[in-house]
Amino acid sequence: MSKIGQAISEIQSLETISKEDRRVNRIHPLSKLILTVFYIAVTVSFHKYDLPGLIGMAVYPAAVFMIADLSFREALRRLRVVLPLVMVMGILNPFFDRKIVLMVGALPVSGGVLSMLTLMIKAVLTVLAGYLFIATTPIEEICRALRIIHIPKTFVVVVLLIYRYITVLLSEARRITQAYQLRAPGQKGVHYKVWGSLVGQMLLRSMDRANDIYDSMQLRGFDGDLRTGEKKALTPLDFLWPLLWGAVIVLLRIFPVVELLGGLFV
Amino acid sequence: MHMADALVNPVVAGTMYAASAAVAGVSVHKVRLEDNQKKIPLMGVMGAFVFAAQMINFTIPGTGSSGHLCGGMMLSALLGPWAGFLTMIGVLLIQCLFFADGGLLALGCNIWNMAFYGCFVGALVIWRLIMKNGAARWKIILASVLGCVLTLQMGAFSVTIETMLSGITELPFKTFVAAMQPIHLAIGLVEGLITAAVLLFVYEARPELLWGIGTPKKEAKLSLGWTLGILGGLALLIGGGLSLAASSLPDGLEWAIGRITGSEELEAAEAGIYAAADKVQSATSFLPDYAFKGSESAAGTTVSGIVGSLIVVALLVGAALLFRFFRNKKKETVAKN
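The listed protein sequences correspond, in order, to chains A and B.
Quick note: the first sequence uses my numbering, first residue 1292, plus one each step.
Quick note: the second sequence uses my numbering, first residue 779, plus one each step.
One chain only, chain B, in its complex shape:
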C-alpha cells in the first residue's frame, strides 16, 4: 500500500506531512514521559524485526498466494501505540530511502495510511478495548483480525482519497473505491490472522510483553451498598425523570373498564365493604391519584413518582433482608441439629 511520490501532488503531500508530523510530535512527547531509556533500543530492534518479518512469505491455505505480517498492529501490541507509531515511521523512512518503497514526498501519506491507522485505530482503540479486562486467546485473534481489517480498509480508502485529490488518475471515484476496498479486505483478513498467530505465541510464552492487557474483572457479587445505590438511582431516574413523560392515556385495565362501563373508574357503591375500604384509603393516602392533595401539577406527578419508587425499593429491600434473616436462621437451626 506504499504510495509513490508520483501519485501525490505537493499540496496533498504537504498536508499529510503536517498531519503525520503533529501525531509524531505527540508520540515523541508521550515516549519521553515514559522515561524508559530501555525502550529506545527495543524500538530500534523491533523496527528491524518487523522489517525482516515482512520479508517472510506465509502460505495462505487453499490459495497459491502468500501474505505478510501487519507491522503497525504488531509493533503497537508490543510497544504501545506511541512508541509503535515512531518505530513505524522509522521503518517507512528506511523502506523509502533504501528500497524505493514509497517516496520522500509521499512519506507523510504513507505514515498516515499505514502507521497512524495501524497504531492508533488498531491498537489504541480496538486492541486496548478488547484487552481491557485481560487477554484471552479468542480476544487476541479478534483484536488482531478486526484491527488489521479495519485499519487496512481505512488506509486503502485514504490512498484513494489522496490519489483522487492529487488528480493522478482518471478513474471515477466509485470505481477506484470498488477496486481498492475488497482487495484490502482480503489482505487485512490474512494479515490479521498472521499477526494473531504471532501474538498468540507471545501470549503463551511471555504474556508480560504484550501491551495494554488489563486485569481480569472479578466475578464478585455486588455489595449490599452498591445494590441499594444502583436500585435507588434507577428508582429516582424512572420514578422522577420518566414519570414526567407518563402517558395521560388510560392504562390497559382502565381502557378495558372504559369500554365496558363508559367510565375509566368503577362507580363506587354507596354502602358495604367497598365504601368502608374507600374511606380508609382516602384517609391514609397522602398522594391521592399520584399527586399532592389538590394538586394537578407536573411537580406533583414527579414527587409521587419518587416517593412511590422509594417505597417500592424499601419494600423490596425489606423483603430481601427478611428473607436473608429467615434463611440464616434456618441454616443455624439445621447446623445446631
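Bound conformation, chain A alone:
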C-alpha cells in the first residue's frame, strides 16, 4: 500500500475504534486528556538512569490495553515514526557516558547504555499512552474537551475542518500521484519540472473547494461554530478514572515500587 493509502487507512481505522461502544470510550474526554498528559509528563520526568522506575510506569498502558481490549500490534506500528528519531538521539550516549553505574551480576553497565535504554522506554510508553487516548476518544470529543478548557472556538473549528478534509485531500493526492506514476513509470517521485503545476493544481482546486464548503456551511446556518461531541451527564467513572490512575502514577513516581517488589524476592 502507498504511503498516502496507509495514512488514509490509519485515520479510518482509528476513527472506527474510537467510536466503538466501550466503557473506556465513554469516559469524559477531558478526564482522559488530563490523565494522558499527566502520565506522559511524569514518564519523561524520570531520571535518565532510573530504569526500574520506568518499567513500573508500564502498568498504566498495559492495564488499559487489557481493559479496553485494544490491539497492541496496531499501537506498536505507530512507533515506526518515533523510534528511529529517538534512537539517533540515544545511540551515541554509550560512547560519551562510559561511567559504570550498575552491575548486573558480573556485567558492568555504563551510564550511557542505561540512558539510551531509558530513552527508548520513555518513547515507547509515551507513544502507547497517546495511542490509548486517540483510540478511545473520537476527534469531536477531543474538540469538546478543548472547548471546555476555553481553547478558542476559531482554532477548534479549524482543527475539526482539517480533520474532516484530510481524508478527502489525501484521496485526491493519491489519485494525482497514481495518475502521474502511470504516466511516468519508474520514477521515484514527482519530476522537478512539474513540481509547481502538479501541486499547484491541487492547491487551486482545494481553495475552490473551500469556497464551496463555505457556501454549504452558510446555507446550513454556520455561525462560526461547529458541533463538537454531544454533552453527556457526568458519571462517577469520569472522576474515578483519572483520580485512581493519577494516584497510581504518583505512587510509581515517588516510591521505588519495582525495587521494593524485587526486594521481596531477593
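Honestly, the hints are just simulated from the structure, not real lab data.
One or more hints might be untrue.
Stated by the list, open to error - Listed below are the simulated SDA-like cross-link pairs for lysine to any residue, each with C-alpha atoms no more than 25 Å apart in a straight line: (1) B:917 <-> A:1294; (2) A:1444 <-> A:1302; (3) A:1484 <-> B:846; (4) A:1294 <-> B:838; (5) B:817 <-> A:1462.
Starting from the structure of chain A, add chain B where the hints point.
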C-alpha cells in the same frame, strides 16, 4: 523535525507550550479582527491540503532522494501569518494524535520550531519584506528559498537547545549543532525550491490569492517640492550637524601651502590687485572664516555651515531653474520654427 515526547522534559515542554500559546492567543485575536468567516473553512481545507501535499515525494534532481513541501511558509503565503500559524497548529495536533508524529507533551516545542519560525520569520518578515513593492518570479523564488532555509535553521537550532536543556543526549553541544544545522540547510534549500515552484504556479494562475503582495513602486521622478525638501534637509544635516565635527586640521591645500611657506595662508601683498580684492571681500563677507565676526565659538561654525549650505542650495536650485527656463525657451523657439 518533529520532536517526540521522550526528547523533552516537563519544564522545557511547559515553557514552550506557554510561549506557543501566547503567540496562538495573539493569532486568534488577529484572525477575529479580520472578521472574515470565509477564512475559517479556507484555513481548514488548506491545513488538510498541506497535510496531503507533504505526503507527495518530489524527486531531487541528481540525487536518489526526495523532498517535501514547507508547510508554514506555504500556508502563510496564502493565508497570512496569523491564520497560517493557527492552521499549522491544527496540522501538528492532528499529526501528533493520529500518526504519533510528535507528541502531546512536545506539541508546544513543535509548534515553536516549525510553525512559529515558518509563519512569522518566514512569512511576516522575509516574505512580506521581499514582496513589499509587488511580486515577481525571482522575488517568489528568493523569498521561498531564503524563508525555508532560515526558518529550518532556526527550527533545527531550537531542537538542539530544547534537547540539550532537557538533558536527553550526552552529545556535546557543538557536535549536536554541527550535525543538525548542515542537514537542515540542505533540506531547507530543497523545501524552499518546492514551495517556490508551487507559489510560482499560484502567482501565474491566480496572483490575487497570494498574501502580502504590495503595490509596485512608481518609477516617477521626484517632484520639485520633494527635491527641494530633501536637498534642504541634507544641507541642514551636513552643514549644521556635521560641521560641528569639522576638522580643525588644515585641509589639503592649506597643508600644502604650509609645507612650502611655513604658514597656512599666503601672506597678503601690501598693494595691487590682491589688496583691492581683499578689501572687497572683507566688506561683503558677513561670516569671515565661517563664523560670526569676532566669534570663535562652535555656534558660529554651525550657523555659518547652515547659511553656507542654504546659499549653495539656493545657487544650485537657481541654476537648475535657469537651465530649465532656457531649455523650455529653446524648445518653444524650435517648435515655432
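Outcome of the hint check:
| no. | hint | in the structure |
| --- | --- | --- |
| 1 | B:917 <-> A:1294 | violated (34 Å) |
| 2 | A:1444 <-> A:1302 | holds (24 Å) |
| 3 | A:1484 <-> B:846 | holds (15 Å) |
| 4 | A:1294 <-> B:838 | holds (19 Å) |
| 5 | B:817 <-> A:1462 | holds (23 Å) |
Hint compliance for this structure: hint 1 is the single one not met.
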